[in-house]
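We have chain A; now place chain B onto it with these hints.
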Amino acid sequence: MVPGKTVELVISGIGGQGNVKAAQILGTAAVRAGLRVRVSDTFGISQRGGPVLSHVRIGAVYGSMVVAHSADAVVGLEPMEALRAASQFLKPGGIVIMSTRPVYPVEVNTGKAEYPPLSAILDALRIAAGRVITLDATEVALSSGIPMAANVVMLGVLAGTGLLPLGPEYVEQSIRELIPRSVEENIRAFRAGLAIGAPSKRDDFSSPEKMAG
Amino acid sequence: MVLSDVVSPNKGKAFMLCNEAIARGAIEADVKVVAFYPGAPTSEILDTFSEALGSFDYQMQIATNEKVALEICAGASFAGFRSLTAMKSVGMNVASDTLFVLGYTGVRGGMVIVMADDPHAHSSQSEQDGRFFAPNSYIPMLEPATAQEAKDMVKEAFSISERHRVPVIVRTVTRVNHQSGVVELEEIRRSGFSRARWRDLKEEYLTLGEVARRKKLRMLERRASLEGEFEKSAFNHVLGGDAGAGTGIVTSSVAYLHVLEALKNLGISGKVPVLKLGTTYPVPRRLVAGFLKGLGGAVVVEELSPYLENEVAIIAKDENPGLRIFGKRSGHFSEAWELNPDLVAKGLASALGVPYEDKSGIVEEARALKEGMPERYPTFCPGCPHRGTFAALSQALRALSASGKGYYFANDIGCYSMWVFPPISNADSSLCMVASVGIANGLSNVVEERVVAVVGDSTFYHAALPAILNAIHNRNRFTLLVLDNSVTAMTGQQPNLSTEFTAGGREGKRVPIEDICRAAGAEFVEVIDAYQVKENVPVIRRALEHDGLAIVVSRRECALYGDRRKRRRGEKITPFYVDKSACRRPYACIRDVYCPAHEIDGDGQPRISPELCDGCSVCSRVCAFGSIRRAETEGERR
Numbered sequence: 001m002v003p004g005k006t007v008e009l010v011i012s013g014i015g016g017q018g019n020v021k022a023a024q025i026l027g028t029a030a031v032r033a034g035l036r037v038r039v040s041d042t043f044g045i046s047q048r049g050g051p052v053l054s055h056v057r058i059g060a061v062y063g064s065m066v067v068a069h070s071a072d073a074v075v076g077l078e079p080m081e082a083l084r085a086a087s088q089f090l091k092p093g094g095i096v097i098m099s100t101r102p103v104y105p106v107e108v109n110t111g112k113a114e115y116p117p118l119s120a121i122l123d124a125l126r127i128a129a130g131r132v133i134t135l136d137a138t139e140v141a142l143s144s145g146i147p148m149a150a151n152v153v154m155l156g157v158l159a160g161t162g163l164l165p166l167g168p169e170y171v172e173q174s175i176r177e178l179i180p181r182s183v184e185e186n187i188r189a190f191r192a193g194l195a196i197g198a199p200s201k202r203d204d205f206s207s208p209e210k211m212a213g
Numbered sequence: 001m002v003l004s005d006v007v008s009p010n011k012g013k014a015f016m017l018c019n020e021a022i023a024r025g026a027i028e029a030d031v032k033v034v035a036f037y038p039g040a041p042t043s044e045i046l047d048t049f050s051e052a053l054g055s056f057d058y059q060m061q062i063a064t065n066e067k068v069a070l071e072i073c074a075g076a077s078f079a080g081f082r083s084l085t086a087m088k089s090v091g092m093n094v095a096s097d098t099l100f101v102l103g104y105t106g107v108r109g110g111m112v113i114v115m116a117d118d119p120h121a122h123s124s125q126s127e128q129d130g131r132f133f134a135p136n137s138y139i140p141m142l143e144p145a146t147a148q149e150a151k152d153m154v155k156e157a158f159s160i161s162e163r164h165r166v167p168v169i170v171r172t173v174t175r176v177n178h179q180s181g182v183v184e185l186e187e188i189r190r191s192g193f194s195r196a197r198w199r200d201l202k203e204e205y206l207t208l209g210e211v212a213r214r215k216k217l218r219m220l221e222r223r224a225s226l227e228g229e230f231e232k233s234a235f236n237h238v239l240g241g242d243a244g245a246g247t248g249i250v251t252s253s254v255a256y257l258h259v260l261e262a263l264k265n266l267g268i269s270g271k272v273p274v275l276k277l278g279t280t281y282p283v284p285r286r287l288v289a290g291f292l293k294g295l296g297g298a299v300v301v302e303e304l305s306p307y308l309e310n311e312v313a314i315i316a317k318d319e320n321p322g323l324r325i326f327g328k329r330s331g332h333f334s335e336a337w338e339l340n341p342d343l344v345a346k347g348l349a350s351a352l353g354v355p356y357e358d359k360s361g362i363v364e365e366a367r368a369l370k371e372g373m374p375e376r377y378p379t380f381c382p383g384c385p386h387r388g389t390f391a392a393l394s395q396a397l398r399a400l401s402a403s404g405k406g407y408y409f410a411n412d413i414g415c416y417s418m419w420v421f422p423p424i425s426n427a428d429s430s431l432c433m434v435a436s437v438g439i440a441n442g443l444s445n446v447v448e449e450r451v452v453a454v455v456g457d458s459t460f461y462h463a464a465l466p467a468i469l470n471a472i473h474n475r476n477r478f479t480l481l482v483l484d485n486s487v488t489a490m491t492g493q494q495p496n497l498s499t500e501f502t503a504g505g506r507e508g509k510r511v512p513i514e515d516i517c518r519a520a521g522a523e524f525v526e527v528i529d530a531y532q533v534k535e536n537v538p539v540i541r542r543a544l545e546h547d548g549l550a551i552v553v554s555r556r557e558c559a560l561y562g563d564r565r566k567r568r569r570g571e572k573i574t575p576f577y578v579d580k581s582a583c584r585r586p587y588a589c590i591r592d593v594y595c596p597a598h599e600i601d602g603d604g605q606p607r608i609s610p611e612l613c614d615g616c617s618v619c620s621r622v623c624a625f626g627s628i629r630r631a632e633t634e635g636e637r638r
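Protein sequences, first through last, are from chains A and B. Per UniProt numbering, residue 1 is the first one in the first sequence, and the count goes up by one each step. Per UniProt numbering, residue 1 is the first one in the second sequence, and the count goes up by one each step.
Pulled out of the complex, with its shape left as it was, chain A reads as follows:
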């Protein structure tokens, strides 16, 4: 945690995954911690299924949009969307936190297009990123008793990396404020993420076996 530092984040995912809520939780946490913050959300016409992108700038002075290739971290709730966001916003040496569970677009499911292999996505990300943390956030959320909380798990991982200029207690406080139902399960999911994000030699948590080890 580096107080007073500007931190640029991009959260990417798909409508319904809780992208916007995650950005809102971070924004609220930053304000409670006495920091300046700007957030910008992009979502298209659909309530569900379309790509969603949130920009979170903690300590930012001006706008709410992250400048290309300047994000300290890209949090991807879905592999393809993680890559899409990273290729546009990640700064060289930045952190990528990616949930490995793909959500196949229509054309993949109907056999008209191919989903890129996870290994290719990871190879591409590792060239640009300083650290790539992979996990199945839905699985972690499930083991915390709340399958829908993958977004909260990802926030935990992000907080665990030490990148945020505010303590995890602020994020927990804002989770309690903004998620009315299943609060304790959400806190559990956040803390499970926190442990995963903590600096370590091993960053692949994508299967439960590896997590146990």
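No wet-lab data here; the hints were simulated from the structure. Don't take every hint at face value.
Here's a subset of chain B near chain A, in silico, CB distances under 7 Å, partners left out [claimed, not checked]: (1) V2; (2) E261; (3) P596.
C-beta: ideal position from N, C-alpha, C; glycine also.
Frame of chain A; chain B shown alone:
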């Protein structure tokens, strides 16, 4: 949203979405009447007022369309009450008939119109630049860049409106509405509401012929006095600049933030003078002239049309004829799509002659892979009733095609618009709210094919009636599907006339669509359940054969809305699963009723994700092998 922040009576700081800050600002300004028709990117203004309705005594109506919403506010304002409406860019097209007249009649109580343009057409059918409504209607316009400024401007707009007896437009863009930041809350001190006595207030709000000619002169005087006031407005300011800087920047709205960001990244923060305009109609000409004086060049940074650029060029012609103007016409910025900090940095660097570092090469690998990735088209949610309706419609249309008769399909604006995207990609046209029915009135008389038009429930109430009545009266022959999912789904499931609810969850009278159609004299009106795919095919086929207007109302509540209601009632959703031993090609579940809950499993057969499945049963109804069943046991949910 943290509702407690919006309704807190005290001073403080809160993290808010701009749309919430707009609502908070109006509540602080003691707004008494609000009315809306939802539309992205303004819908959260409506939602915030709806949620806060229990805490205050303002009146709120979710109106049938933007024009009615504007008129509700005008009515309240005539009686001296402060009123606010908000609408998206294209909503103003619907409301503008009244807007133009309000320029003539004027108003009494402060009246604020939030109008949100959508550069990049994130959630709209066009990138129209609504700023031109202001000069065209002689109605003043303010443009905020941040959530804080939006709140401040809304409050000030009420005062401007009352001082000049005219509505005030607060014009935003998607990137302003959908940004969140720290907002200063001021104390909320509400005055109580009591009805006004019109006989005490009585003054005329009319315009026609001779009266209009007189009032036009008053409008011109008002414009002059507004311009004079805006010369001193705190919403306009000049920032930085080295003594003798050759080039300055004129900007407004979110582009102002991009400019600051870009100057920082180009390493020239504070060196180039920036004129930030918050009052963009009337443009304070003396202020602009003073800024341009002595400059060799001016870069105008704005989204969409060269609105400010035109103003700058006109002012410069008298004040600084040699001024070089960099903007849309010089090719430094495009009129197409939204700006971002990088596009602005690139344009500024080129205009100012400073180096710009293109960093896109650093992620070449990721970019190359990205190019080959499939698009993620928006699609119907799991459980969406439109999936079932369209499955039946597709079958009926296939039968029609097989019999040698073709069809024209007019789609429209709503969640059903997504039928134009893969995997279905079926639509001959999709224009704007309810144009489908008007188009059908024209096409059905001039093409050989059967014509099918679609609207939703909210669109039906919004503006479909004139076109439907036209069809009945002129005996036009086409099929109209009204997809009634109870709410205005696409903008966040706001209640409309199809439910018994209205703003704040209060009770409203339901207005059944089929009753209106029958009362109007439509001879073929059938109501179907969107999920009953097989049973619906023959109904739609009969409609297609009907010699006249055939209306089919397909009813089933929006899945997102319905799920919320189910959760409240404590009802559980039982997902479906694929019994793979019975599953055979051609996988109609994937081909005909594509659903995000379906995926192709490792073994090449379809699988239903129990986390995503809404339990709607539509896929099971199109499977010829009966292989999709309700997962009653834990094992079947794997």
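* To do: Hold the hint about B:E261 up to the distance rule: shortest CB distance to chain A must be less than 7 Å.
  => holds (5 Å)
* Identify whether the interface hint at B:P596 stands, where standing means a beta carbon of chain A within less than 7 Å of its own. => Since chain A brings a Cβ to about 5 Å from B:P596, closer than 7 Å, the hint holds.
* **Hint check: 7 Å Cβ-Cβ cutoff, B:V2 to chain A** => Holds - the Cβ of B:V2 comes within 7 Å of chain A, reaching about 6 Å at its closest.
Of the numbered hints given earlier, the model fails none.
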